[in-house]
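Modelling step: build the complete structure from the supplied sequences, incorporating the hints.
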Amino acid sequence: MLEKLIGYFVKRHLLTNLLVLTVLIGGVFAWNNTSKEEMPDIEFDHAHVTASYPGATAEEVEHFVTKPLEDQIKGLDGVYRITSSSSDGSANISVDFEQGYPNLDEALMELKNVVLDVKLPDDVIDEPQVHVWKTTKMAIIDVVLIDTQRHLLDIPSRKRLQQYAYTLEQQFLNLPQINSVEKSGYLQEEIQIMVYPEKLKKFELPFNAVMREVKSNHVRQPAGNIETKNEPKVTLISELNTAEKLKDLIIQGGFEGQVVKLEEVAEVNRGFKKNKSIIKVNGHEAILLRVIKSSSYGIIEALEVAQRQITSFRKNSLKDTGIELVCLDDASVDLKNRLFLVVTNGIIGFVLILITLFIFMDFRSGVWVAMGIPFSLCFSMICASWAGYTINNITLAAVIIVLGMIVDDAIVVSENITRLQTEGVPPHEATIRGTAFVFMPIVASILTTCIAFVPLFFFRARFGKMLAFIPPVIFFMLGASLFESLVVLPGHMLLDFSIFNRFISRFRVKKAQAKKMHWFVKVEDAYGDILKKVLPFKGVILGGFILLLIFSGYIVQTKIKYVMFPNEETREVSITGETFSEADRYDTAKLTRQIEDVITPYLGKEVIGLRTQIATSRFGRAVEENKFRMIVEVLPKEKRKKSADQLIKEWQEHFTDIRDLKDLKVVKSRWGHASGSPIELIVQENDDATRNMIAELLTQNMRQYPDLENVEIERPLENPEYKIGLNREKIKRLSIKPEDVALTLRAALEGTIIYELLEGDEEIDIRFSIVEQAKVDIEKILDIPIGNTGNYLVPLRDIVDVKKTVTPNSIDRKDFKRVTTIFADIKKGSNATPLEIAADLENKEFPKILSKYPTVLLNFEGEVKDTRESKGDFTSSIIMAIFLIYIVLVLLLNSLTKPIIIMLAIPFGIVGIVLAFWLHGKVLFGFFAAIGAIGLAGVVVNDSIIMLVKLEKNYDNSRGRAFSNEQISSIAKTRLRAILLTTITTVAGLLPTAYGFTGYDAMLAEMMLALTWGLIFGTLITLVLVPCVYSLEKDIRYKLASLRKG
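Quick note on my numbering: the sequence shown kicks off at 1 and runs consecutively.
Just so you know, not all the hints are guaranteed correct.
In silico BS3-like pairs for lysine-lysine, Cα to Cα no more than 25 Å straight-line [stated by the list, open to error]:
{"no.": "1", "residue 1": "K215", "residue 2": "K247"}
{"no.": "2", "residue 1": "K261", "residue 2": "K202"}
{"no.": "3", "residue 1": "K273", "residue 2": "K780"}
Hints in this document: simulated from the structure, not taken from any laboratory.
Structural data, given as structure tokens:
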């Protein structure tokens, strides 16, 4: 049946050629029509809830907003974890759902409904928002506008810069490829009414009465229709929509004509909302536009459109204005680099594969085997497009992994066909028989390779969702390879010989080809002779390999350590520090120019841009105004001459001369974690004093660890707070409404938005407050007069009680308990890993604390947690892969012992990885290297399958034990070419990426290095150890048989 099917396609060259042409054309169309993204289309099991409560302290936000929301959310089905952060004026809640929860869309909809149903204070004007992060709707670039003539913006320059920023934002939003634009450093414009309390006293005006007067005089209201024929509309319009109109507003008048205008008791100016933090880019205060693409378009397409808009804006709007436009965080850079790597390394690998094929095979076979690469790529592109996949970093990584493997099947088929033809079998018969003979081995090798990547479907958390896209792409590629080898290749191998002979003779290749064949026959004979000599010492050989396995285990235990993301090269460098304690944000912004002056000469060379954040922590929270954080975005490794470590060293040498700045820390960013620190320890306890005491104790002890540095507590800024209580007896006696007291205090301090105006598309708030100089002292606040029901003036101090205290400006909670986080970095040059540090802390420090404070919870987050989860995933993945591979081999060979011989290649392939990393000086074994090791389990057994199936089919048991070694060596040598070719071609596809021939990618390089050297060492096992163990197994069987006879 199988031979008939193969024969059907062998006879129909036109059909197979049409199939090939259709696939190639379809692949090109699929490539052009498929979106190019940074990451796959993923919706994570995570939602983010935000709510705003202006003017409220963190404790009030926690009490009135965060806790009510948490209480409702925790009752939802599928909720796994809730973490929250309550800060001054806002609440942020992260909701994690159970991984793989079946009704996630329904759960998210229920979450939105529950959040909207929660009863919140009236001052929470805007409804809470629920955000679900999707990779297809992501920021693609940060576009920054700076005024090169000013380091810090004043009101006129800010207004000018914001007008340009607003114009550019609207141009972006008019593009269908752009979904939204998020602004940073952009302050909302306001008309500010700032009252003088002393002038209120002079004119005997209550503060709350003035506020009511302004609000009531701003009128725009439809009145109805006049009952005539045309029914004209009547609208009452008396808007206070300019500062001039507000200044002229009469707020008090008398029968004698005496009036008091608003400008007599208040300043009325146009300005901007206050912001306690400052963003600078390249040394200048900046407005940043974060451009978010539409989910319907790919990154590259969206960025090309955005870049054209940016170029046009520069040319038409910014010329000779002194305003510069800077682009940062271009999301297409990594994708374009990955595409470039795939194309260039693919071309190099293709050329290396061609050279290898032409050296080891005849010209015709080499050409048709190599054709399997574009066929498989196009076939996979069509399948991926039908499956709704995008071209992204993960799918491209899968292509690179399998690039060298897709010709393995074709090599085995063509080599077997050619061998039969050289033995005198007619071409047509040789093609059908040769293909049918290797059908089961190549199907088994495809299955074992695919099975090795199946466990990637079962990895947890966000990495698991991304890794799940690797196996299908590999399945598409290998499936295409199998189809091409069994359906297309046999027919091509029978194309008119005269065409090739004329081509070969024209270039006098035929003779050279004969020499090549003769040369490799000699190699096969030499291998057979060597094998014949070593087989009698198979026990010694096996013992030697076992010793090597033990030695590699020793290296793993003592020399190489697992770290989820080895800290090699980086695209970002973080610089943190602080100025003198009394400095405000403007002082800090001026002093940081010393660091900016050090980095500026590198702009346009090694550095793309420098971002300075004043009074903002690494997570964007408010901190003291004397603290700063800088992010230096550097060029990719292959585009700069200096490494990140060299740049940091040069900068630090200049930093020694800087004055008025202290605690300067320069750290490379770490891939995969936002904190940038490998150690994240959280202390959970609702009692603030206990929690803070434990955090301090842990911090002190961790600073004694020789392998740790930059140990710090993510400590919220503590603000002094005046808690004002109402004297209910007095307010009752003086006929004052409690709500008037609350409104007066809020308006005086935070400022009350009494109404809003619309200018174009922008809202202008009308803010009512008191002048700045009256806000600097609580005593001045208490002097503000408030009116009672009889409109008599009463100072606030007469009706309230004041207590001074301290309150944090942010409160973090995890699973309904308050938390404090401790961060730490591992010292450069230290061999300690985050897991080792965490284990040491858990063994030495945790027991002391937990014995005294049993209600406290101590846990590691970030890299330590993810590494532990991934190690567990890796262990279960390897066990699953080995078990499934064994099942496939048992079914193929109908034996329980033969698969064990084949699978010896797996542990010894891992030995190759260990030795390769050790000899390359890599002491850290990362997440992606482990992925390579899992993939290796399926790839490395392929050669062993080819070897053992041949031995099983050709070994003649009737010849007896005396001829065993001779038989094994003579059979094994016939598989040498196929094994070497499959290994060399696979390695040729991996090497360019492993060593960065045309560009270095740390993630891919680590994975490819593991696959390359594991496969090379696994091939040595196949050629030496497998025949030895097979011979040993035969000896044991002969001995058992003789014992049974005796």
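Hint check results:
A threshold of 25 Å between alpha carbons decides the hint, and for K215 with K247 the separation of about 14 Å falls inside it, so the pair holds. Of the supplied pair hints, the one linking K261 and K202 holds, its CA atoms being roughly 13 Å apart against a limit of 25 Å. For the hint linking K273 to K780, the alpha-carbon distance of about 23 Å falls within 25 Å, and the restraint holds.
Hint compliance for this structure: no hint is broken.
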